[in-house]
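Undergrad: Listed here are the chains, written in short residue letters.
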Amino acid sequence: MMKAWYLLFLVQFALVLWPPFYNRVEPTWIGVPFFYWYQLLCVVIGAVLTAIVYFATRRRR
Amino acid sequence: MQSVNWTALIVFLLLFAFITWLGFAAARWRRGDLDLLHEWGLGGRRFGTVVTWFLVGGDLYTAYTFVAVPALAFGAGAIAFFAVPYTIVIYPILFLVFPRLWVVCHRHNYITAADFVRGRFGNRWLALAVAVTGLVATMPYIALQLVGIQVVVGALGISGTGLAADLPLIIAFIVLAAFTYSSGLRAPASIAIVKDLLIYVTAFAAVIVIPIQLGGFGRIFAAVPPQKLLLAIPGADTTGQYSAYATLALGSALALFLYPHSITGLLSASSGQAIRRNAAMLPGYSLMLGLLALIGFFAVAAGVQAMPEYAAGFKEFGNNFAVPALLLHSFPDWFVGVAFAAIGIGALVPAAIMSIAAANTYTRNIHREFINRNPTDRQEAQMAKWVSLIVKFGALAFILFVPTQYAIQLQLLGGIWIVQILPAVMLGVYTRWFNDRALLIGWAVGMIAGTAMAIASNLTPTYPLKLGAWTFPGYTALYTVILNLVVAAVLTLVFNAMRAPRAPFDETVATDYSI
Numbered sequence: 001m002m003k004a005w006y007l008l009f010l011v012q013f014a015l016v017l018w019p020p021f022y023n024r025v026e027p028t029w030i031g032v033p034f035f036y037w038y039q040l041l042c043v044v045i046g047a048v049l050t051a052i053v054y055f056a057t058r059r060r061r
Numbered sequence: 001m002q003s004v005n006w007t008a009l010i011v012f013l014l015l016f017a018f019i020t021w022l023g024f025a026a027a028r029w030r031r032g033d034l035d036l037l038h039e040w041g042l043g044g045r046r047f048g049t050v051v052t053w054f055l056v057g058g059d060l061y062t063a064y065t066f067v068a069v070p071a072l073a074f075g076a077g078a079i080a081f082f083a084v085p086y087t088i089v090i091y092p093i094l095f096l097v098f099p100r101l102w103v104v105c106h107r108h109n110y111i112t113a114a115d116f117v118r119g120r121f122g123n124r125w126l127a128l129a130v131a132v133t134g135l136v137a138t139m140p141y142i143a144l145q146l147v148g149i150q151v152v153v154g155a156l157g158i159s160g161t162g163l164a165a166d167l168p169l170i171i172a173f174i175v176l177a178a179f180t181y182s183s184g185l186r187a188p189a190s191i192a193i194v195k196d197l198l199i200y201v202t203a204f205a206a207v208i209v210i211p212i213q214l215g216g217f218g219r220i221f222a223a224v225p226p227q228k229l230l231l232a233i234p235g236a237d238t239t240g241q242y243s244a245y246a247t248l249a250l251g252s253a254l255a256l257f258l259y260p261h262s263i264t265g266l267l268s269a270s271s272g273q274a275i276r277r278n279a280a281m282l283p284g285y286s287l288m289l290g291l292l293a294l295i296g297f298f299a300v301a302a303g304v305q306a307m308p309e310y311a312a313g314f315k316e317f318g319n320n321f322a323v324p325a326l327l328l329h330s331f332p333d334w335f336v337g338v339a340f341a342a343i344g345i346g347a348l349v350p351a352a353i354m355s356i357a358a359a360n361t362y363t364r365n366i367h368r369e370f371i372n373r374n375p376t377d378r379q380e381a382q383m384a385k386w387v388s389l390i391v392k393f394g395a396l397a398f399i400l401f402v403p404t405q406y407a408i409q410l411q412l413l414g415g416i417w418i419v420q421i422l423p424a425v426m427l428g429v430y431t432r433w434f435n436d437r438a439l440l441i442g443w444a445v446g447m448i449a450g451t452a453m454a455i456a457s458n459l460t461p462t463y464p465l466k467l468g469a470w471t472f473p474g475y476t477a478l479y480t481v482i483l484n485l486v487v488a489a490v491l492t493l494v495f496n497a498m499r500a501p502r503a504p505f506d507e508t509v510a511t512d513y514s515i
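Chains A and B supply the protein sequences, listed in that same order. Under the numbering used here, the letters of the first sequence match residues 1 to 61, in that order. Under the numbering used here, the letters of the second sequence match residues 1 to 515, in that order.
Derived by calculation from the structure, the hints in this document are not laboratory data. Using N, Cα and C, we set each Cβ at its ideal position, and we do this for glycine too. It is possible that part of the hints are untrue.
In silico SDA-like links for lysine to any residue, alpha-carbon gap of 25 Å or less [unchecked claim]: (1) B:K228 to B:G240; (2) A:K3 to B:K385; (3) B:K385 to B:L96; (4) A:K3 to B:L96; (5) A:K3 to B:A274; (6) A:K3 to B:G240.
Residues from chain B that keep clear of chain A, each with C-beta distances beyond 10 Å, as calculated [claimed, not checked]: (7) L229; (8) I233; (9) Q241; (10) L250; (11) D377; (12) V486; (13) D506.
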């Protein structure tokens with residue numbers, strides 16, 4: 001089923017819409033608190049997941 | 001205020017002159033008959049993946065965003081970072097909903113969201129509600145773009161009294177109005193490419209150079225007051241900043257692509273697949289926005305607010321001066337000119353697209369629907385061109401004669417209003433189950449409740465919703481669109497049970513939505 005790939009989108013929502021999960025300083029990365037670098041990392045993860053969904057659901061010509 | 005920074009001003013003016021030329025030259029780019037509304041107002045729907053990326057990126061991530069988000073981080077701290085989850089969750093929504101909207105709009109030559117709603121639900125009053133909501137939400141947004149220009153003009157050291165003080169802004173707007181009138185959407189599309197390259201250069205330079213000057217990220221974050229570094233831990237019977245943060249992100253994401261200028265940008269793409277590809281590529285801008293938000297903290301660490309040379313700027317522009325002050329403090333003058341041009345041009349691109357979108361909406365959904373039902377193609381395009389001028393000068397007059405604070409508050413209300421068209425537009429792309437009159441009543445309830453809640457919370461975005469002993473502070477737009485949906489769904493069931501007649505006409509068929 002192609003549609004199952006769309007479930008990957010739920011990951012993006014789950015990663016960032018529950019602030020208690022990432023509202024902390026440690027572990028820091030090059031001095032940046034977790035709160036900030038984690039969410040920036042999620043931008044990249046979100047883009048990769050969206051690209052995966054794009055390629056997986058693209059109709060073959 | 002400090003004296004005029006000539007080097008920066010000259011670089012700034014040269015870049016401005018270049019994009020002015022580009023804006024007029026754009027009329028000949030992918031040449032089309034600009035006397036047709038879809039050519040003038042949608043660039044002929046011919047922009048491929050890459051141009052769409054620049055256009056939509058330049059459209060959504062506006063100059064005001066680039067000034068205001070770091071300013072919020074500078075003033076309020078961690079809560080400002082909601083812009084990052086906001087611009088993460090937005091892209092699944094874009095991917096799922098808007099390629100379908102693109103296809104159906106392409107098949108039926110719809111130019112606006114209200115065109116689609118009119119065709120789908122066959123109810124002109126519902127379409128009017130969608131159109132008017134779009135117009136009132138867009139107007140203050142255009143006005144806010146001017147704030148971005150005002151801040152950088154002030155930071156370049158240009159000051160005056162009376163009319164002279166506003167002259168740079170007036171000139172910028174006349175230029176903007178002229179090239180939008182003559183080139184339509186092709187102008188902001190071509191300028192967006194230049195503007196975005198400038199913004200990326202500025203952002204990456206700032207994120208690399210300034211931390212080195214300040215001694216590393218560790219020192220920067222150590223300078224941020226601890227209570228601003230993270231979201232406040234909620235108290236005993238409230239979800240506090242946690243629910244505020246998450247609902248701001250989700251509610252803003254639901255609202256963003258409903259704005260007329262977002263839909264104009266998306267409909268100008270050459271295919272639904274181009275929009276899907278952009279859902280994976282546009283996060284590039286989100287990353288930059290997140291990095292720019294950090295610049296607010298750089299400004300805290302650099303201590304620009306305490307420096308006497310920037311005191312006048314902070315006095316005039318408040319926290320919005322944090323980014324310009326930091327750039328002036330950290331970079332050589334010529335690069336300051338580049339960075340300020342990026343912000344100034346970054347205001348013109350969305351302002352142009354917003355005015356085109358408002359013009360398309362007025363022309364199609366108010367004038368053609370209620371005043372002149374059978375215009376020629378030429379009359380329709382000409383009407384839109386005139387309306388784009390009226391809209392822009394309306395915004396200019398607003399910002400010159402009304403305190404900036406009102407524009408900010410109206411833009412806040414605009415976000416709460418625009419999300420109320422979600423059921424008709426975003427769910428309409430998937431289903432015609434909702435009764436058209438139920439949608440209209442749901443919209444009205446959402447508008448009234450949203451406005452009342454915003455006023456009750458002193459025109460701040462979050463409303464402290466009380467359920468029993470618990471308080472859930474959350475974004476009013478999200479709360480009220482849920483209310484809107486419940487009302488529309490319940491009334492649809494009631495109307496169906498009463499076997500009430502409904503507008504029978506759906507112009508679209510199921511295959512119109514498959515991409």
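Undergrad: Which earlier hints turn out false for this structure, listed by number in ascending order?
TA: 2, 3, 6, 7, 8, 9, 10
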